[in-house]
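Asker: Sequence:
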Amino acid sequence: MNLDIILIAGRFSLLDQSAQDELFKECLKKKTGVMVGGVYNSGVLANPTENSTYDYIKVTPEILKKALDIKKLLADFHIPLTAAAIQFPLRHPAVTCVVTGSRSVKELTSNISDFDMDIPDAAWNALEESGLINRIEV
Numbered sequence: 001m002n003l004d005i006i007l008i009a010g011r012f013s014l015l016d017q018s019a020q021d022e023l024f025k026e027c028l029k030k031k032t033g034v035m036v037g038g039v040y041n042s043g044v045l046a047n048p049t050e051n052s053t054y055d056y057i058k059v060t061p062e063i064l065k066k067a068l069d070i071k072k073l074l075a076d077f078h079i080p081l082t083a084a085a086i087q088f089p090l091r092h093p094a095v096t097c098v099v100t101g102s103r104s105v106k107e108l109t110s111n112i113s114d115f116d117m118d119i120p121d122a123a124w125n126a127l128e129e130s131g132l133i134n135r136i137e138v
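Residue 38 in UniProt numbering sits at position 38 of the sequence shown, with consecutive numbering throughout.
Incorrect hints may appear among the rest.
Listed below are the simulated DSSO-like cross-link pairs for lysine-lysine, each with C-alpha atoms no more than 27 Å apart in a straight line [as the list claims (entries may be wrong)]:
#1 K58 to K72
#2 K58 to K25
#3 K72 to K106
#4 K71 to K106
#5 K58 to K71
Hints in this document: simulated from the structure, not taken from any laboratory. Note that this is a predicted model, so its numbers are computed, not measured.
Generate coordinates for the entire structure from the input sequences, incorporating the hints supplied.
Answerer: Written out as structure tokens, the structure reads:
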């Protein structure tokens, strides 16, 4: 018997793609869907500042730099960091849905807008070519 779906948080995001190394391959093999939460990595991908958190602690300078570099590259394509953070996980075929937390109608509306935004392949390719994100592996 296989699980229909699993939830993973924070391990398949713009800052951490480690879940695809083994877990996602096994999920595809067993036809188990993956629900991804924690797409903002505790907040740093929602608003990267030196006061942000990553993995529930104060962000390190290295992680902050990476988040800011991703944000800067996306700005060249007029893409908000939050939109890329929400949409990135769905690029992997093992991922069946993304879970976001909305504390208000304003946040819900913003999440929907970010989800509906068209992100061109050129933006994802630029992130991969710059080494800021790993290529999707199946």
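Asker: The structure should be examined with respect to each hint, and the outcome stated for every one.
Answerer: Evaluation of the provided hints:
Straight-line distance between C-alpha atoms of K58 and K72 comes to about 21 Å, which keeps the hinted pair within the 27 Å bound. Restraint check for K58 and K25: not satisfied, since their Cα atoms lie roughly 31 Å apart, outside the 27 Å limit. Between the alpha carbons of K72 and K106 the distance comes to roughly 25 Å, so the proposed pair stays at or under 27 Å and holds. Taking the CA atoms of K71 and K106, the gap is about 22 Å. The hint holds against a cut of 27 Å.
At roughly 19 Å between alpha-carbon atoms, K58 and K71 fall within 27 Å of each other, so this suggested pair holds.
Hint 2 from the earlier list is the only one contradicted by this structure; the remaining hints agree with it.
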